[in-house]
Structure formats: C-alpha cells, structure tokens
Amino acid sequence: LFREREKLEANLGGIKSMEHLPGAVFVIDTLKEHIAVAEARKLGIKVVAVVDTNSDPDNIDFPIPGNDDAIRAIELFTSRVADAVLAGKRSHNERFSAGNEKPSAAEMGAGSYEGGPEVAIKPAGMEMPAPEASASPEQAAEEASEEA
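Its first residue numbered -19, the sequence shown is counted upward by one per residue in the numbering used here.
Just so you know, these hints were derived from the structure itself, not from any lab. A portion of the hints provided could be inaccurate.
[Unchecked claim] The calculated label-pair distances, taken between Cβ atoms and stated as ranges, are:
no., residue 1, residue 2, range
1, -16, 76, 40 to 46 Å
2, 67, -1, 19 to 25 Å
3, 76, 14, 34 to 40 Å
4, 3, 37, 16 to 22 Å
5, 75, 37, 30 to 36 Å
6, -19, 73, 39 to 45 Å
[Stated by the list, open to error] Dumping the calculated DSSO-like pairs for lysine-lysine here, alpha-carbon to alpha-carbon at most 27 Å:
no., residue 1, residue 2
7, 69, 22
8, 26, 12
9, 22, -13
10, 22, 12
11, 26, 69
A quick note: this is a predicted structure, and the numbers were derived from the prediction, not measured. Note that beta-carbon positions come from the ideal geometry of N, C-alpha and C, so glycine has one too.
Sequences and hints are given; from them, build the entire structure.
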C-alpha cells in the first residue's frame, strides 16, 4: 500500500497543485497516450499532438504532421513547444504584471509572434481552400505569348 501511494504521488503529484485545467495538452505519440487524449477531449481541453502516418488525426484539435518515433524529431518538437510556452508566459507576465489587470479573452487568444512569421492555426476537421490549378506547360507558354 505504501509503494502504491509513492507511485501515485510520483506520477500524479503535480496535478493536485493545479488551480485550474490547462488550456491545452501537448502529446507526442497519440497511440501510446490515447488515454490522455481521451481524457483531455472529455474535459474540453484542446489537444496539440504530433500525428504520424499510423495515427488518427480526427481526435486531435491541432495536429502537427511528423514522425513521433525518431528521437531527433521528438527533441525538436518538444524544445520548440517548450520555447513557445516560455515565451508566451514571459510575454503575458510582462504585459499584465505591472497593471495587475486581467487580460481579456481576445488578449488571451493566439496572436502573431514578434520577430517570426505570422501563423494561422486551423483546428482539425475544418475544410482547407482548394489549391489553384496549375497550368500545363502548353497553357503557360500560351499565356506568356499573349502577354508579350
């Protein structure tokens, strides 16, 4: 009984200190962590996950296509997500610690990252616009001769 308590404390000890549910969870292998994905979906927590070819992206709110088996890919994904979380926390603290005011819902939403490209986040299941049809070589040559 003592060992079981120690094991539970080691695995779940950080959860009891949480004041509220997280806004999102980040998962590398959705097949191994299917229980965590299901629990997050049940609680309404957004799921950001690396989705490999053997994974189902339908249950993921923000799928990231990638290899969830290669250690270098996992290191890249986790380091970039951790850096983004730390940058977001730092930015949030700088903006709202001085005035002690709470951010509005719009201010808590996703925005552009300063110094980087603007990124549009599309939840899974939304339709993407159809790509423009590419011209055949004959059409391209014909259009070029018309312009000249």
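Against the structure, the hints come out as follows:
The supplied range of 40 to 46 Å is met by residue -16 and residue 76, whose beta-carbon atoms lie about 42 Å from each other. One distance hint, 19 to 25 Å for the beta-carbon pair residue 67 and residue -1, holds here, with the actual separation near 22 Å. A hinted range of 34 to 40 Å holds for the C-beta pair residue 76 and residue 14, which are about 36 Å apart. At roughly 20 Å, the beta-carbon separation of residue 3 and residue 37 lies within the given 16 to 22 Å, and the hint holds.
At about 33 Å, the CB distance of residue 75 to residue 37 agrees with the hint of 30 to 36 Å. At about 42 Å, the beta-carbon gap between residue -19 and residue 73 stays in the expected band of 39 to 45 Å. Of the supplied pair hints, the one linking residue 69 and residue 22 holds, its CA atoms being roughly 26 Å apart against a limit of 27 Å. Simply put, residue 26 and residue 12 have alpha-carbon atoms about 18 Å apart, close enough for the 27 Å limit, and the pair holds.
Under the criterion of a C-alpha separation no larger than 27 Å, the hint pairing residue 22 with residue -13 is consistent with the structure, at around 25 Å. Distance check on the hinted pair: residue 22 and residue 12 sit about 18 Å apart at the alpha-carbon level, within 27 Å; holds. The suggested pairing of residue 26 with residue 69 holds, with an alpha-carbon distance near 18 Å, which does not exceed 27 Å.
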